[in-house]
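K.L.:
Below are the chains, spelled out letter by letter.
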Amino acid sequence: MAEKTPALETRKLGISFGGLKAVNDFNIKIYPGELVGLIGPNGAGKTTVFNLLTGVYAPTEGTVILDGQPLNGKKTYQFVAAGVARTFQNIRLFRNMTVIENVKAAFTKDVDYNLFHASFRTKKFWETEKKLTDKAMELLDICGLADKADVLASSLPYGRQRKLEIARALATDMKLLLLDEPAAGMNPTETAELLECINTIRKRFGVAILLIEHDMSLVMNICQRIQVIDYGQTIASGLPEEIAANPRVIAAYLGE
Amino acid sequence: MKKLGRTGQGYLLNTIIIVLLFTAAQLVTAAFGGEGSFKLVLVPSIWQCCYLMILAASLNLVLGFLGQLSLGHCGFMAVGAYTAALLSLACERAELFKDKEGVVFILVLFACVLAAGILSALIGLLVGIPALRLKGDYLAIITLGFGMIIINIINNLPFCGQDGLAQGSAAASLYKNGLGFGTKSKVEFLWAALLVTIVSVTLMFMFVRSKYGRAIRAIRDDEIAAAASGINTSYYKVLTFVYSAFFAGVAGALYSCANATLSTSSFAFTNGGILNSTFIVVMVVLGGMGSITGSVTAAVIMFFINYQIKNGSWVDSLPAAVQAVFQYPMLVYAIVLIVVIMFRPRGIFGSYEFSLINLKRELKAALERRAAAKAERKEARSNG
Ligand SMILES: Nc1ncnc2c1ncn2[C@@H]1O[C@H](COP(=O)(O)OP(=O)(O)O)[C@@H](O)[C@H]1O
Ligand SMILES: [Mg+2]
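Residue numbers (the working numbering), protein chains in the order written: chain B, 1 to 256; chain E, 1001 to 1384.
In short, the hints are calculated from the structure, not lab data.
One or more hints might be untrue.
As the list claims (entries may be wrong) - Computed from the model, here is a short list of chain B residues facing chain E with C-beta under 10 Å:
id : residue
1  : 111
2  : 126
3  : 156
4  : 169
5  : 224
Claimed, not checked - Once the Cα atoms are required to be at most 30 Å apart in a straight line, the calculated DSSO-like pairs of lysine-lysine come out as:
id : chain 1 : residue 1 : chain 2 : residue 2
6  : B       : 4         : B       : 130
7  : B       : 124       : B       : 148
8  : E       : 1360      : B       : 148
9  : E       : 1135      : B       : 21
10 : B       : 75        : B       : 123
11 : B       : 75        : E       : 1364
12 : E       : 1360      : B       : 130
13 : B       : 109       : E       : 1135
14 : E       : 1360      : B       : 131
15 : B       : 123       : E       : 1360
16 : B       : 131       : B       : 148
17 : B       : 124       : B       : 109
From a predicted model like this one, the values you see are computed outputs, not experimental measurements.
We put the CB at the ideal spot given by N, CA and C, even for glycine.
Build out the structure end to end from the sequences listed, making use of the hints.
P.N.:
What follows is the structure, encoded as structure tokens:
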């Protein structure tokens, strides 16, 4: 059997800010359906990796390959079109839009009516909009937000704002989902709900997930593989139990 | 027959109301067309309101919905005004029509309006592609510069500067020729102004209530998140800028109809009257950033204020100090703006859109909220 194409592959990915090598020689392969954890102390470069994987930063070295497609020099929306979606460590919602509009906005790239249809409210316009609403409600339902569809995004409580970010990411119809500390600042109940939501997503969409998380026990529990970075360098990668026993990881987390 | 949903009912209701109002305007014009104050005051006022409404709504697309500060909106209006004026004069010289009569003239009129929009949109594209790479203050400066530059360009064009158009000034020749309407023609073609305004505002409304509106509001709220949601931010920014410029051009065409004189100084940034780019910004902020109906309302309010402080007979009975303030209309607009912002920081309408079909429901909800608040206060008092 031929090997499957990885949903994500990076080769020698790196970026420097001035003299600082924030990420260096970062290599990872994630296959469809996998849940991989990316951990490391504060300032290790995890969020920077996500910014490289979504084209927010252009790498100074190396390549990002999404679903077999190299993405050098592409813009963020082209990365998204190639199949990557993300959430942000510091929540970034469309605050003055309703919950359902947040999700619908993320459908934009797949909406195929044009200005003519919108201006004259053609049948195609109505049918498309109806479909979008139904699809958005479905995603909100998965993330437990269906009851809040018409409230402003900014008025949601913190935990639910994070879930809305996930719902919005799902709307881009991605193959790889990047979650940046999704459980940060959540209480245990909210975290449990979040895990359930992540599991549903994996089962339902068969996507690959790369998860940044601070809570070690959470990562150890749900991730199939873990990659650890410190000062922009990969210091370990492997199965959760290997990572837990790795002296370099322990040293990095406890401080030398 | 298929049952209409709530949205369908809303559209039907709006269409009926608009058609009724339009017909009423026609009938009233037919009945009172010759009367002094109707002809001399009301009709010209409506013309002015028409292009102000289009201007405010079109700037709101960029300012309120896309969230980019553009200070050169009058520049696009100037492009539209001169395009329409020149094109109509050319048509007249080519003897396509005579004395503003006949079907051909009506066709020319609408062709001029359309051409004004298209040329303005093209220039919007040229300006927008480089300008929209900049953000905030930088964009404001670039667009402000554009507004000033375009005035100078028009001034120096051989065919529309001071000696252009016909022999003599552009202004003088416009009055009798082409689209320059006198009072009688303004009454006669009031329907055209209303029609252009209704169509323009409706098209802008449809724009913001579609994937385009969602995309640009997303960009306004968070550009990085919008890009990360797959929105091609540069494309939608430029598109909105161009769309907005198109309607500013259309407003310019109406302006060139409504005014006896056409002179670039009326579009200049330093113009103290009702037509300058800051004044339009004031209208948008006053009405509510992100509300088309708000902009339309604010345009009428600002027109009214502007008209009253310049022509109102009550002004004479005010103390001299206040009258002195009225000598500087911009000062009055600033005061109005400050007062409104104090009580409604997001403008009169905020991002709310007025809608007839929802009016009853919203009124009821508002009354209930009010009653609840009252009851709460009462309870607090009796407890405390
Ligand atoms: N745009 C930037 N300019 C300069 N330095 C940056 C930039 N983005 C990130 N960094 C630096 O890169 C390092 C890694 O940051 P980050 O990826 O946010 O860490 P974390 O692992 O906590 O998510 C930090 O030292 C940070 O200061
Ligand atoms: Mg981080």
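K.L.:
If a hint holds in the structure, say so; if it does not, say that too.
P.N.:
Do the hints match the structure? See the list:
| no. | hint | result |
| --- | --- | --- |
| 1 | 111 | holds, 5 Å |
| 2 | 126 | holds, 9 Å |
| 3 | 156 | violated, 14 Å |
| 4 | 169 | holds, 8 Å |
| 5 | 224 | violated, 25 Å |
| 6 | B:4 x B:130 | violated, 36 Å |
| 7 | B:124 x B:148 | holds, 27 Å |
| 8 | E:1360 x B:148 | holds, 23 Å |
| 9 | E:1135 x B:21 | holds, 28 Å |
| 10 | B:75 x B:123 | violated, 33 Å |
| 11 | B:75 x E:1364 | violated, 48 Å |
| 12 | E:1360 x B:130 | holds, 25 Å |
| 13 | B:109 x E:1135 | holds, 23 Å |
| 14 | E:1360 x B:131 | holds, 29 Å |
| 15 | B:123 x E:1360 | holds, 28 Å |
| 16 | B:131 x B:148 | holds, 19 Å |
| 17 | B:124 x B:109 | holds, 16 Å |
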